[in-house]
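Residue numbers (our numbering), protein chains in the order written: chain A, 1 to 191; chain B, 1 to 191; chain C, 1 to 244.
Pairs of lysine to any residue residues, derived as SDA-like cross-links and limited to a Cα-Cα distance of at most 25 Å, are as follows:
hint: 1; chain 1: C; residue 1: K134; chain 2: A; residue 2: D25
hint: 2; chain 1: C; residue 1: K27; chain 2: A; residue 2: A178
hint: 3; chain 1: B; residue 1: K115; chain 2: C; residue 2: K134
hint: 4; chain 1: C; residue 1: K134; chain 2: B; residue 2: R74
hint: 5; chain 1: A; residue 1: K115; chain 2: C; residue 2: A58
hint: 6; chain 1: C; residue 1: K71; chain 2: A; residue 2: A178
hint: 7; chain 1: B; residue 1: K115; chain 2: B; residue 2: P99
Facing chain B, according to a computed beta carbon distance under 8 Å, are these residues of chain C, among others:
hint: 8; residue: R123
hint: 9; residue: A124
hint: 10; residue: L136
In case anyone wonders, no lab produced these hints; they're calculated from the structure.
For each residue, glycine too, the CB sits at the ideal point set by N, CA and C.
So you can see what is in the structure, the chains are spelled out below.
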Amino acid sequence: MTPPDDLVRAVEAVLFAAAEPLTADAIAAHVGAGDVRAALSRLAQDYAGRGVSVVRRGERWHMQTAADLAHLLRRDREEPRRLSRAGVETLAIIAYHEPVSRAEIEAVRGVQISKGTLDVLMEAGWVRPAGRREAPGRPLTYATTPAFLAHFGLASRRDLPGIDDLRAAGLLDPVDSALPDTGVEKDSEDA
Amino acid sequence: MTPPDDLVRAVEAVLFAAAEPLTADAIAAHVGAGDVRAALSRLAQDYAGRGVSVVRRGERWHMQTAADLAHLLRRDREEPRRLSRAGVETLAIIAYHEPVSRAEIEAVRGVQISKGTLDVLMEAGWVRPAGRREAPGRPLTYATTPAFLAHFGLASRRDLPGIDDLRAAGLLDPVDSALPDTGVEKDSEDA
Amino acid sequence: MDEALALELDGWEGPLDLLLSLARSQKVDLRRISILQLVEQYLAVIDRARALKLEVAADWLVMAAWLAFLKSALLLPREPHAEPDPEQMALRLQLRLERLAAMRDAGARLMARDRIGRDVFPRADPEGLHTVRKALWQVSYFELIEAYGRITARTRPVLHVVADRRVMTLEDAMARLSAVIGRAVAWSQIEAFLPKADEELRRSALASTFLAALELARQGRVELRQEEAFAPLYLRVAPAERSA
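The shape of chain A in the complex, shown without the other chains (with noise of 0.2 Å):
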């Protein structure tokens, strides 16, 4: 490898460290001025190829393995807690949707939230409650978290798979909204 100067050694070394992903401000509180930005580019770059990447999650940083030698680290490791369908389900549409209630996520799957489904993707860090809407009843919302990203190797929400194409196709929109306006939306189905 090329020697890398100060900056980069000081960056690469408190990410190596760290517990959990770091924004560039909080690796700067550790190794004072200079360009953090650049030095976590570059590093990026020397870690391409290697058995260890520096990857971007949203705002955060972290060093994690190689995702093609899976296998060789997967043995006597336990895999994380399989989620329930309606638990992938339910982390889809919040992920796809964000911020989106409870009654919006059963309007997509036309059941309802069973108590465990949002605790389950709550516990995990995933999911937390970002406030209330600004409508009758002032429902909460959900949104997906920076340990999200970082679990799904997303550098953002923009990243999330085919989250365009649903998007140009209108399929992340309401039912409602995607009818002509005939005046006849209030349906039984959708109570």
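Once you've looked at the hints, dock chains B and C against the given chain A.
Just chains B and C, lined up with the frame of chain A:
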């Protein structure tokens, strides 16, 4: 960095993700056939001079933060905080009466002091233990430090204003004007 | 498959889930599914479940009724202003299925990504970063000496020394008032009985003379009069003394 070969990458990922230092055999159990020792030597070279190093301890290998960068992992943050009234009074008594025991401080203040108060003054670097008094119970005494003088811009404790100065400055207001100017220097010792 | 569906209504996450599965069994784009065919299939599943005397939850039946209504509306000759418009109802169902299918696919793609702890791994035992908070204690020099002044003022033994001043004793006041009261036939203010031109003695003389006046009044030798509290105090010799 020079792109490493597959074996080197695999060893790198295994070392990175390991919970503890690994022997070459343990690494080989993950990465399969190949000259693991050669790969380890190559890795150690690759990381030489970086913020992370690959080191051998006896028969085991692991990755660690470069030794000279350990200081970055700990960061001191100074937060300005106002000294409490009890703290200021205790500090003043120590400054005027040093060396002085805790019981004597309380006698002068007329109020008990909590343990935390002296701790704060010592943490601030203004007060130090100053030996034990040869008296029943051999109480520990306290005195001020050079840092105390420096903080308050004093050349020595003799620069502290005397009782007459305080009175002239109106800081002793409620005291009867007929009070003879004795006592304070002594009564703490008698307490 | 149909038999399994009938037996395991609980295995479906609600009517929409079942409808989506049925729609997918048509093996066409969801935008081109035959709603009529879908309705037939759904109603068939529900019928079989009831034939097997399975408990069928209300929401399944509500959907069945709605679909039956939709089916008849679609089959009947179109009325020009039917409310609700059956074509729109069918479109609505199709849109809902599309949205659920989209999220189901998105969820599957999300789960297939390289996930931490399954595909990529952080360090198992990182050192972690530590922030040591250090208080920067602040106190000014003035606060320090002011505090000492405050303690000193608060805790020094306070000694009240009364200056050695000239006073008129009660005995002197009694003698003096007794001597002059005989001449006071008219009401006179108490101040008229004080020694003149001695400001230093005045307060003490007033206090003692007041007490002396009270004592003489008790003995019936003088009379006292005051209009109200703090008003001037008048005294004169008692009538009995006058005649004496």
